[in-house]
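Line by line, the protein sequences give chains R and V. For the first sequence, my numbering begins at 7 and goes up steadily by one. For the second sequence, my numbering begins at 7 and goes up steadily by one.
Just so you know, not all the hints are guaranteed correct.
[What the hints assert, rightly or not] With a straight-line Cα cutoff of 20 angstroms, these simulated DMTMM-like cross-link-like pairs (lysine to aspartate or glutamate) come out: (1) V:Lys44 x V:Asp217; (2) R:Lys660 x V:Glu375; (3) V:Lys208 x R:Glu375; (4) R:Lys644 x R:Asp217; (5) R:Lys654 x R:Asp469; (6) V:Lys208 x R:Glu657; (7) V:Lys571 x V:Asp217; (8) V:Lys562 x V:Glu210; (9) R:Lys660 x V:Glu210; (10) V:Lys644 x V:Asp216; (11) V:Lys42 x V:Asp573; (12) R:Lys208 x V:Glu657; (13) R:Lys368 x R:Glu357; (14) V:Lys565 x V:Asp575; (15) R:Lys562 x V:Glu375; (16) V:Lys660 x R:Glu375; (17) R:Lys128 x R:Glu300; (18) R:Lys644 x R:Asp469; (19) V:Lys644 x V:Glu466; (20) V:Lys563 x V:Asp573; (21) R:Lys660 x V:Glu657; (22) V:Lys660 x R:Glu657; (23) V:Lys298 x V:Asp469; (24) R:Lys563 x R:Asp575; (25) R:Lys45 x R:Asp581; (26) R:Lys644 x R:Glu375; (27) V:Lys562 x R:Glu375; (28) V:Lys660 x R:Glu210; (29) V:Lys208 x V:Glu647; (30) R:Lys128 x R:Glu297; (31) R:Lys654 x R:Asp217; (32) R:Lys208 x V:Glu375; (33) R:Lys306 x R:Glu466.
Hint data in this document are derived by calculation from the structure and do not stem from the laboratory.
There are 2 protein chains.
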Amino acid sequence: MELYLVIAIFVGALLAIAFAVIMAKRVLSFDEGTEKMKKISASIRSGANAYLKRQYTIVLIFFAVMFVILGGMAFAGLLTPYVPFAFVTGGFFSGLSGFVGMKIATAANARTANACRTGLNKGLRVAFSAGSVMGFTVVGLGLLDISIWFALLKFVFNLDASGITSAMLTFGMGASSMALFARVGGGIFTKAADVGADLVGKVEAGIPEDDPRNPAVIADNVGDNVGDVAGMGADLYESYVGSVISCAALGVAAFSGNGDMQFKAMAIPMIMAALGILCSIIGTFFVRTGEKTEQKLLLKALSRGTNLAAVLIAVAAFPLIWFILGQEHWTLYWAVLAGLLAGVLIGKSTEYFTSDSYGPTKKLASKSETGSATIIIGGLGLGMLSTAIPIVIVGIAVLTAFFVSGGAASTNLGLYGIALAAVGMLSTLGITLATDAYGPVADNAGGIAEMSGLEPEVRERTDALDSLGNTTAATGKGFAIGSAALTALALIASYIDKIHGMDETVTYESFSVMNPLVLIGLFIGACLPFVFAALTMDAVGRAAQSVVIEVRNQFKKIKGLMEGKADPDYAKCVDMCSRSSLKEMILPTVIAIVVPVIVGLVLGFYGVVGMLAGATASGFLLAIFMSNSGGAWDNAKKYIEAGNHGGKGSEQHKAAVVGDTVGDPFKDTSGPSINILIKLLSMVSIVFAALIFNVHIQW
Amino acid sequence: MELYLVIAIFVGALLAIAFAVIMAKRVLSFDEGTEKMKKISASIRSGANAYLKRQYTIVLIFFAVMFVILGGMAFAGLLTPYVPFAFVTGGFFSGLSGFVGMKIATAANARTANACRTGLNKGLRVAFSAGSVMGFTVVGLGLLDISIWFALLKFVFNLDASGITSAMLTFGMGASSMALFARVGGGIFTKAADVGADLVGKVEAGIPEDDPRNPAVIADNVGDNVGDVAGMGADLYESYVGSVISCAALGVAAFSGNGDMQFKAMAIPMIMAALGILCSIIGTFFVRTGEKTEQKLLLKALSRGTNLAAVLIAVAAFPLIWFILGQEHWTLYWAVLAGLLAGVLIGKSTEYFTSDSYGPTKKLASKSETGSATIIIGGLGLGMLSTAIPIVIVGIAVLTAFFVSGGAASTNLGLYGIALAAVGMLSTLGITLATDAYGPVADNAGGIAEMSGLEPEVRERTDALDSLGNTTAATGKGFAIGSAALTALALIASYIDKIHGMDETVTYESFSVMNPLVLIGLFIGACLPFVFAALTMDAVGRAAQSVVIEVRNQFKKIKGLMEGKADPDYAKCVDMCSRSSLKEMILPTVIAIVVPVIVGLVLGFYGVVGMLAGATASGFLLAIFMSNSGGAWDNAKKYIEAGNHGGKGSEQHKAAVVGDTVGDPFKDTSGPSINILIKLLSMVSIVFAALIFNVHIQW
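Chain R with its partners taken away, still in its complex shape:
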């Protein structure tokens, strides 16, 4: 049976990749449109390519250094020899996911704009197909790597279950490190360009958004691709892989002493992922729309696909657990279901707080009447308040998953249940990511339509698609942060298992919050997301300021630019954003890797567990707060632009633009990076566990 299971997982992975290839061919079969469109798309593509090349070069150095450090530790017997290699491959595939996503997105932008000239449905098809390439590449590559490593470690190196999961967790650390670089770097790039372009273009020079005279306009579009596409691809690759392998690791711990069950428990999340791919592919066939640009109809078109996929996996998970884990453990099915449902509900809550169809954002927009200060206060309050519902949802999901899985009788099984909830939440990532990743493609298409002077109805259609993208992005963020919290909890449990393996007296019960080492760890951990958010926000501010200065300069020095007689130097702005974002992405990532080691050395493993718990709790809150505040400001501005509270150009609109600008780094740089941070902290702790166990201050 073992071999069959591995083959099934492998087949699932190949299926996803094959589907991604088919979708990619479909995208490429469309026409890119006019010469001008081709030219613009080409500059965006080359800018994104150039940026990623430089980013990967820097990341390569980091990975080389880490490889040497991990190699040294393996040599000293603190790690198994597979660890350094697993680390590197995790990083490689995470980067590859982002790269493929960027490639297809930059190929699809002009094609989407061109398709929108024919009709809305055609436009949606191109953009959604491009999103699908990204979605299925992420899950396909993720599952492929997991299955290859799994097969290698099991059948070639004959490791036991705990040896396998231990190596695979390092694989996750590689993926998370890469993801953090991609998210932070890409996030800084995209927001620096966006803020810079807006501040000088819209506010100072008074030219519209995406106007070709703005020197930062190409950088802005490049930013969408390297931030919202490549960054998100690497990010969700990490989430996906992280949830599967942390669940596998807890499965091994839950059935310790029973090799056969250990194997099955380890395989369950992987097979569920494979099944999820199948369900997602089926779902994609049900995404289509008519020609009306109404948001409700468009949203329905996408929801049909994602909902169907969710229902299918909810049904399929039951026999999976019943037959593989056996009747006595069928209650674990409830854990999967709890996770799936929690993901959907967090998405709904995000939608409620950030969509202008509901009260909160409408009320926020009305605060523009008394100026920018009140809309800022209002948005901050909205974001903070919006943390309450997701906290309760996650709380209920954790309680359910833990206790139905046997928590009262067995903590190990209960924790495995929590990890399974995370896998349940992400099982249909293929399609949810497709609906999420299509947004930036539509956004770029709008930019190209504007710059190449297409008919107004084309821009109307791309705008409709783009607006919808904001809603699906909100839902996607719900899944990302919800699964991050659950996965982080699972990783903390894995960390304790690792310590338990070295000292049997240490158990899950050993980490009382009243132990001052745990407590101080908790305080420090809770502080980390704040510091991290501060650093990334400041980085955006600094980078944006350099863009502002450059754009002002070009407006002044290039004669005939404002009259449309001369071209601005787009490449210089792209280069500027690249350089500053690459410089700024290093410190936050290094902090995420160094702090857990320092905390471990000073406060021991008690301090580390406290730190991880604190970072997970405060990171979850801060990520939701920042994402929702940012989303609400963005949509409040759009709501005003749609003609409410004075409409475009009014004082109210100006106040809302300030809100939106503050929200930019909130929702697209700091907020999403925190998701990765909380998992990376755990993975680093796990990898360095043996070192910390042997060397730390004895209090």
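Go by the hints and put chain V onto chain R.
For chain V alone, kept in the frame of chain R given last:
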């Protein structure tokens, strides 16, 4: 010996009150100045009186309801019969502290302005004397109530040590509830009036600050008295009393089984408080200045007093512990010292991040060059980043206090050490609060000088005093939040002691962060300060909006107002602020009391401990973040007004005003309320512990 100790505490309390009376007489001996000044001061006084009267009426209803509930619980045997009475007296004295502070502050404002006509030193003496009345009233009343209850319970009702501390913790809950009402209500009042007055007066009508034509100008000055004075008085009364009684409770737990030592351990924090009063009084005699308005010289004048008091108590604490607790426990002295030092260092860190003499605020001011969005992003980043140093300071203080006090050998002694650190930090509250409370008096004096058209050099002097007040307020906030974190930790320990008393198998070690009930409690607790901050910020926004509308109305309807021929209806604005702030203060306070009970019923005492730990960590972070962001924006604006980056009236200044307005509710409403929240949550949990122990869902 017992009786002598109690007498010593009692004498300390009377000494403080006597000193406050002397200082009050001194203040009243000064002249109120011209008729106009008297009239303005009288309107401020009557507005503040009217507000507090209404506030106390509402609070009275709350206390009556709670008295009935607690009485019912006492009747059912879930509480001792002293509890309801202790609760009510705690609330009464907390309110009284605020009331006395407000009385003297409103009596001193015109006198300070008038004294400034003679010279700077005379002005400082009046304002500082008024601050001293408040400071010594708070500590005097605090210690008086503690000693009376202590004497009653011990000598009249003959309770044992744990019975005494248990009743006294309820006394703390009463004080905290009152403090939260006062802080939240007063905070909303003062910021609604401030923001409202600024938005219409300064921005729309273009008249200067404190201009008598602005209908909200009296409300603004009333706000300083009911928020920054009465609110702060109730707040610090609660902090002071809370730290002493939680320390006493842990002393009893630390020496359980040894009645004599229990008594001594309980008495130590009270005697230290009494000694602290003596040291503070000595310190006040060293506060005097020359006639130069330089900040450095003025700050030196105040620091001389506070530093001397701190050194004196640091010296005096040693023999106290050595002789009363005995040689074998002298290491507890280090805990006191750690607390004292931590308070000073957190204050320094606050000063570094918020004073325009240092880099962070200067850099923040420079962000005004690219508009309000960048200065907002910058300020948020600054506040978030500024959490790191205080976290490390508190971490080191906790580690030191715990381990030097015997933590490795005895957790009980270690926790007692942490509580002693909090007492050490607050022991010289008499003088630190005096330096803090004098700020709003100087602020009011400036307003009166402006409104009654005094000579420009008078305003210059009051401004110098006011500016200094910002720095001392920052230091004061450091003590308030630092002691809140330590006291909250001590209260969590007391809570566990209480549960331990009902079920011996529950110990400090029982609350592992991997227990899902603890974990979910942690998440919910971490979320509470966010929700609380959101509610209070929104409340300020709503209340300010109503003031804006009223002021606009008066400008329109009252003929000759702008020409100075007619008087505005000041009372209407005061009434408006009163009504909205009183309405808005109820929900946040009720949440703070209801949520711990609900969490207890659903998640049991495991959930409660998790909640308290989570709220303490995230509340500490959020309070520092909000206070420092707000302080930095305020001073960045002042820095620009001093002539940098374009100076007053420039675009940069306008951007900085937006930052300052966002910062107002941050630093004066939400931030300081969170300090109280985290302690109130613990106290409510302790009072309802027996109920929760008997009735909660069994997972």
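Quick rundown of the hints versus the structure:
no., hint, in the structure
1, V:Lys44 x V:Asp217, "holds, 17 angstroms"
2, R:Lys660 x V:Glu375, "holds, 17 angstroms"
3, V:Lys208 x R:Glu375, "holds, 17 angstroms"
4, R:Lys644 x R:Asp217, "holds, 18 angstroms"
5, R:Lys654 x R:Asp469, "holds, 16 angstroms"
6, V:Lys208 x R:Glu657, "holds, 17 angstroms"
7, V:Lys571 x V:Asp217, "holds, 14 angstroms"
8, V:Lys562 x V:Glu210, "holds, 13 angstroms"
9, R:Lys660 x V:Glu210, "holds, 16 angstroms"
10, V:Lys644 x V:Asp216, "holds, 16 angstroms"
11, V:Lys42 x V:Asp573, "holds, 14 angstroms"
12, R:Lys208 x V:Glu657, "holds, 17 angstroms"
13, R:Lys368 x R:Glu357, "holds, 13 angstroms"
14, V:Lys565 x V:Asp575, "holds, 12 angstroms"
15, R:Lys562 x V:Glu375, "holds, 18 angstroms"
16, V:Lys660 x R:Glu375, "holds, 17 angstroms"
17, R:Lys128 x R:Glu300, "holds, 16 angstroms"
18, R:Lys644 x R:Asp469, "holds, 11 angstroms"
19, V:Lys644 x V:Glu466, "holds, 14 angstroms"
20, V:Lys563 x V:Asp573, "holds, 12 angstroms"
21, R:Lys660 x V:Glu657, "holds, 14 angstroms"
22, V:Lys660 x R:Glu657, "holds, 14 angstroms"
23, V:Lys298 x V:Asp469, "holds, 13 angstroms"
24, R:Lys563 x R:Asp575, "holds, 11 angstroms"
25, R:Lys45 x R:Asp581, "holds, 19 angstroms"
26, R:Lys644 x R:Glu375, "holds, 15 angstroms"
27, V:Lys562 x R:Glu375, "holds, 18 angstroms"
28, V:Lys660 x R:Glu210, "holds, 16 angstroms"
29, V:Lys208 x V:Glu647, "holds, 14 angstroms"
30, R:Lys128 x R:Glu297, "holds, 9 angstroms"
31, R:Lys654 x R:Asp217, "holds, 16 angstroms"
32, R:Lys208 x V:Glu375, "holds, 17 angstroms"
33, R:Lys306 x R:Glu466, "holds, 19 angstroms"
Checked against the numbered hints above, the structure breaks none of them.
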